Structure formats: C-alpha cells, structure tokens
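Using the sequences and the hints given, assemble the complete structure.
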Amino acid sequence: MLLTRAFDEKALLLQRQGRLGTYAVSRGQEAAQIGSALALKNDDWVVPSFREQGVFIALGYPLHQLYQYWGWDERGMNIPKKFSILPITIPVSAQIPHAVGIAYALKLRNEKKVVACYFGDGGTSKGDFHEGLNMAGVWALPVVFICQNNQWAISVSRKKQSASKTLAQKAISYGFEGIQVDGNDVFGIYKVVSEAVKKARSGKGPSLIECFTYRIGDHTTSDDASRYRSKKEVESWIKKDPIERLRKYMKKKEMWTKMYEKQLKKKIGKQVKEAVERFEKIPKQNPEEMFRYVYAEMPWFLKEEMRDI
Amino acid sequence: MPVMNMVNALNLALRQEMKKDNSVVVLGEDVGINGGVFRVTDGLLKLYGKKRVIDTPLAESGIIGASIGMAINGLRPVAEIQFSGFMYSTFDQIISHASRIRNRSRGRYSCPVVIRTPYSGGIKALEHHSESMEALYTHIPGIKVVIPSTPADAKGLLISAIRDPDPVIFLEPKRIYRAVKEYVQENEYIIPIGKARLVREGNQVSIICWGAMVRECERAVLQSGIDAEIIDLRSLKPFDVDLIIESVKKTRRVVVVHEAPKTNGFGAEIIATINENALLYLDAPPIRVTGFDSVIPLGKLEDVYLPNVERINKALQKVVSF
Chain A
1 MLLTRAFDEK ALLLQRQGRL GTYAVSRGQE AAQIGSALAL KNDDWVVPSF
51 REQGVFIALG YPLHQLYQYW GWDERGMNIP KKFSILPITI PVSAQIPHAV
101 GIAYALKLRN EKKVVACYFG DGGTSKGDFH EGLNMAGVWA LPVVFICQNN
151 QWAISVSRKK QSASKTLAQK AISYGFEGIQ VDGNDVFGIY KVVSEAVKKA
201 RSGKGPSLIE CFTYRIGDHT TSDDASRYRS KKEVESWIKK DPIERLRKYM
251 KKKEMWTKMY EKQLKKKIGK QVKEAVERFE KIPKQNPEEM FRYVYAEMPW
301 FLKEEMRDI
Chain B
310 MPVMNMVNAL NLALRQEMKK DNSVVVLGED VGINGGVFRV TDGLLKLYGK
360 KRVIDTPLAE SGIIGASIGM AINGLRPVAE IQFSGFMYST FDQIISHASR
410 IRNRSRGRYS CPVVIRTPYS GGIKALEHHS ESMEALYTHI PGIKVVIPST
460 PADAKGLLIS AIRDPDPVIF LEPKRIYRAV KEYVQENEYI IPIGKARLVR
510 EGNQVSIICW GAMVRECERA VLQSGIDAEI IDLRSLKPFD VDLIIESVKK
560 TRRVVVVHEA PKTNGFGAEI IATINENALL YLDAPPIRVT GFDSVIPLGK
610 LEDVYLPNVE RINKALQKVV SF
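Going line by line, the protein sequences match chains A and B. 162 is the number that the numbering used here gives to position 162 of the first sequence; each next residue is one higher, with no gaps. 344 is the number that the numbering used here gives to position 35 of the second sequence; each next residue is one higher, with no gaps.
A couple of the hints might just be wrong.
To be verified - Simulated pairs of lysine to any residue, SDA-like, Cα-Cα distance not exceeding 25 Å:
no. : chain 1 : residue 1 : chain 2 : residue 2
1   : B       : K558      : B       : P474
2   : B       : K359      : A       : N134
3   : A       : K252      : A       : L2
4   : B       : K359      : A       : N110
5   : A       : K303      : B       : K627
6   : B       : K504      : A       : L302
7   : A       : K107      : B       : K609
8   : A       : K284      : B       : G416
9   : A       : K303      : B       : S332
Said to hold, decoys possible - To spell it out: a stretch of chain B is covered by chain A in this simulated footprint if at least three of its residues, at any positions, have a beta carbon under 8 Å from a beta carbon of chain A; those stretches are:
no. : segment
10  : 379-390
11  : 400-409
Unchecked claim - For the chain A half of the interface with chain B, some residues (derived, Cβ under 10 Å), not all of them:
no. : residue
12  : W45
13  : A99
14  : A105
15  : N134
16  : I179
17  : P287
Since the hints were derived computationally from the structure, they do not count as laboratory data. These figures come from a predicted structure and were not determined experimentally. For every residue, glycine included, the Cβ atom is placed at its ideal position computed from N, Cα and C.
The structure is reproduced here in structure tokens:
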C-alpha cells in the first residue's frame, strides 16, 4: 500500500514536470486494490479499469512499465507473459464483458482459475455493466466483480449515479450475491474477496463486491475536484485513510516500529527511484511500431502508408 | 459435389471448423435451439453441445464484448448479430476494443473474433433490417471486412475468417442467402481474405461490385451487350488493389456498384485508389451506381432504392459512350 502511495506521489511529480501524461491517482483506494489483489492466485485473470496501479503493483507488475504507459508509450502495456492481466481499459465498464468472455473460456476448458474485474461506481450505470453481469449470472461464471465505489465519477456524486441504496444490491437482480464492504479495511476486503474467489473457483458462480471507499485525489491530473466537492468532505475521508488505519492497527499489535518504518521507507524509495531511472532510459519507440500491431500480418495499405513516415 | 445455397454453405463451413478445432464456439441470439433466424447455425447445437453453441441473452454489445474476452483467452468465437441494423450498439466494443487489443498490448493479446451478420436489402424486411453500412467498418484500423456473393465463396471465406488471427466482420447478403444454388466442394477449402474474384472478363469497362449487387451486374451486362469485366471484391478490407488496377488499365473505364448510400460509400475509396494509381489510363470519369443518401425505405419503395439492372445499364452506356 505504501509502495502504491509512493508510486502515485512520484507519478504526480513526474506529470507536473511534463515527464508523464495525464495520470489517475489512486490515493485512498489502496486497501481496496491491494486487499483484493492479494486474494488472487498468480495465474488468475485480472481485468482492470484505469486507476488500478495498486492491483498491478500488488501482483508484482514491473513499476517502470507502468510509468512507461502513463508516459505515452504503449509498450508499458505489453504485459509480461507471467501475468494474466489485461491492459488498462480507458472507456468506463467496457472491460466488464471481456472479463465475462475470459471466464467463459475458463469454464469451457474446466480450468480452475477466476477472473477479477475492476470498475468504479460510475461504471455501474453503463449498459456494459448490466449486459456483463447479466451474462455472468446466467452462465454462472467464475468472475469476481470488484466495484470500487469511491463516491465520485469525476464530478458526479454517488447519489446522482444511482437510486439504489447500495451498489452491491444490484447483484440481486442478476441472481448472485452482492456484498458491500468497508473499502478502507484491507483485512475486510481480503476476506470478502477471498471468499468470493473461493466460491468462483469451486464453480459456484460470480459475486459483486462493492468496496465503499473514497477518491482522495482529483479524478486525474487534468481535474480540479475542488470545483465540485467540499474540503470538509475530503478531510473527513483523509482521517479514514486506509494506510493510516493499517499503521495504527500494526502499532497497536506492536508490528509497526520506528525501525520497521525506516527500513520500509528506504526500500520503497529505492524501488520507485530505480523504476523511474529504468523508465527514463527506455529508448523511444520506432515509429514503425504504430503499424506493426494493427494486424498479425501487415496488409498492403499499411505497408504503403508506412513509407510516408 | 453437392448443390447448395449460401445458408447451407455457411452452415457446412461452421460444422467443419467446429469439428476440426474445438476452440471454435458459436454465440448469439437464437443461434442454438432455433438454429439462427436464417438457419445458418442449424444443427450445430446437436452436434457440438450447448457449451460451444451458445444461446446468449439479448444483448448485442455484451455478445461482442464477451467474444473479445473469449478470443483473448484462447477461443475462436463466431458471434452472430441477428441483423446488421442491430450492430450499432456493438460499435464501442468493435472500434474501441476488438480492433485494438493487439495494438494496445503490443502483440501480447489478439482478438480472433468473427462477427457474422445478415446484411443489405431486398427481402422487404422491417425497418433496421435492410441497410448496407459496410463502409463504416472499413474505416476502423485493425478490422477486416468480408462480403461473399456466392455459396462457394461464402464457405471458403468463412473458413478463412474463422482461422484469421484478427477480427473479421462477415457481412452476409441475406437477399441471396437462398436465391442461388451451386456446386460447393464438400471438403474444406479456403478463399483468402483480400483476393477479389474475376466474375467475367471483358475489355470495355470494369465493374467493381460486391454482395448481392454482383448478380445484378451480371444481368445488366448480359442485357446491355457491353463487353464488361466484372470484379466481385469479396473482401473490402483489405481489398484487392492489384486486380482492380490491372483491370482498369486494360478497360480504361470504371463503374462501381453498391447498395450503400453514395456519400463516403466504399465506391469512393475504390475510385480514389484508382485515381492515385491509374488516373492517366482512364478514358472517362468513373461512375458510382449506389443506394441513395436517404434512409432505405420499407418494402413498397425498396426496389426503387436499390441499384437495379436499368440503373447499372444506364451507367455502362454513359461510361462507354463518353
């Protein structure tokens, strides 16, 4: 969680210096992301939205590749073979049916893997959410739908998004279980997602988990959240910061010492520094790359157009 | 060699590919127990079971979105959208995802999906059942577009499409689903995507057409007595530029015929390509015979909208006598 926070803080700095493009920070959602990701096995599938760096990081995704992607280079999403993660999806909720199709293939082949599919509160308003969850229910697929309800879809509040009392209850209409969980409680999330994963893995179908959390930062580096929400509201959630909460718990259990903190900070600082160095050393893409992956084999018209570079 | 119509030929292609490769699955509305509203998937459920022949909920975008996920995870889905007029709600999935998965992941993932859909007019169907929007798909990087015009081609092209590593939009001219029967080889064969068919050799004018218009053009040529060369494009993306340019250099005259509206129809792309590659060979301005830039009418006026022998002949006379 601290590594994700440090990664984000560095990304913000790099963005302000023009070394990264538009970036979506995850501050406040670390428990939801890391707690859920840790409930997965290495070969389970992950279908992310665009704010899931905590999930990528928890699974061990190379940090420099994340910086590379947000630094305008598609190769950052050339997912290394050992991960079954889909590239970041920018359009909201469009990835939900993809998760359903991946899960269908798993079920058809009797593979005991599951799919974790991430989206936000705004995403539950989209048609793809309905179509995807409906299909997953009908076919009893091994998917865990993880909704990070961070209360804001850019400037539209959760209340304006849906008249449903909870987002979790939407699962009822698709014929499977929906659970609302404190999205800032990393242990709670880990437990609830672990149970849903176990259920999916044993062929008992999908679940929808609503992680009730908060987006402390702006929507992206291009957004100014002070235009639409009060300082007071943000401050009340800063008090509930999932990292502070975990720190307090660990202190109480005498697992968090000054020494531990010092070592951890040093380690994380080094990881982020090395990732930035590695990212900045990556040679620029050859312009031919933009033609190479349009089709498996380059058709005549692309070959012709490539001569005009 | 059995005689069959396009529906039978497509059905045979699906049977053979599903037998050969158990990663091939068929999904869509009414494709299972009902065998598809045009019966293209008839009998597949009995042969390959409900896990591979999937009656989906009524959700076009979901069908294509799920197909994308299946393809990413090793299946070869052949999705049916019941009518091409119902494709529009799938555009986000096609344009933003199916076509881009390979590029977005820099080759880590691919999307070998076939989207079959009955298209174009001529059967006096309901609104949204008769339009020809093929040009929309040709504008999308990463997508291939195929339109067969004969049973034998339909079989070979569908097999190619299923084996293709990239997403293919497979438009089936429903007006000729059952209109023509011909000998179709029983054993499997492929027609490569991107190769046109020389329907008729001729010297006076090159007619470039596809889908149900191929038959209209053949009739028009027979009636007119003009020695026209007819090229059935079969694939719109990629299209067979070599055959077109070779033909145009020989005949020095061009007529393009399609059912779709004229503005930004695929005829415009063909003529622009001819202009870029063989303008100085032309003896007359190229002519487009197309549907109109109006909404395709319901049954009573449909015949007036669709290019017919008379309109094609008029264009042939005009271009030849220029």
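Quick rundown of the hints versus the structure:
1. A distance of roughly 34 Å separates the Cα atoms of B:K558 and B:P474; the hinted pair therefore is violated under the 25 Å criterion.
2. Restraint check for B:K359 and A:N134: satisfied, since their Cα atoms lie roughly 18 Å apart, inside the 25 Å limit.
3. The suggested pairing of A:K252 with A:L2 holds, with an alpha-carbon distance near 18 Å, which does not exceed 25 Å.
4. Restraint check: the Cα-Cα separation between B:K359 and A:N110 comes to about 15 Å, which is no more than 25 Å; the hinted pair holds.
5. Annotation: proposed proximity of A:K303 to B:K627 is violated, straight-line Cα distance about 36 Å (limit 25 Å).
6. Between the alpha carbons of B:K504 and A:L302 the distance comes to roughly 17 Å, so the proposed pair stays at or under 25 Å and holds.
7. The straight-line distance between the Cα atoms of A:K107 and B:K609 is roughly 49 Å, outside the 25 Å bound, and the hint therefore fails.
8. Of the supplied pair hints, the one linking A:K284 and B:G416 holds, its CA atoms being roughly 18 Å apart against a limit of 25 Å.
9. Of the supplied pair hints, the one linking A:K303 and B:S332 is violated, its CA atoms being roughly 32 Å apart against a limit of 25 Å.
10. Against chain A, the segment 379-390 of chain B contributes 7 residues with a C-beta closer than 8 Å to a partner C-beta. That satisfies the three-residue criterion, and the hint holds.
11. Counting residues of the segment 400-409 of chain B whose beta carbon lies closer than 8 Å to any beta carbon of chain A gives 4, which reaches the threshold of three, so the coverage claim holds.
12. Of the supplied interface hints, the one on A:W45 holds, with its beta-carbon coming within about 7 Å of a beta-carbon of chain B, less than 10 Å.
13. The beta carbon of A:A99 is positioned within 10 Å of a beta carbon in chain B (closest approach about 6 Å), and the interface hint is therefore held.
14. Look at A:A105: its Cβ gets to within about 4 Å of chain B, closer than 10 Å, so that hint holds up.
15. For A:N134, the suggested interface contact is upheld, since its CB lies about 6 Å from the closest CB of chain B, less than 10 Å.
16. Hint on A:I179 is violated. Least Cβ distance to chain B is approximately 23 Å, over the 10 Å limit.
17. Contact between A:P287 and chain B, as hinted, is not supported at the beta carbon level, the nearest pair being about 14 Å apart and thus beyond 10 Å.
Hint violations for this structure: numbers 1, 5, 7, 9, 16, 17, all remaining hints satisfied.
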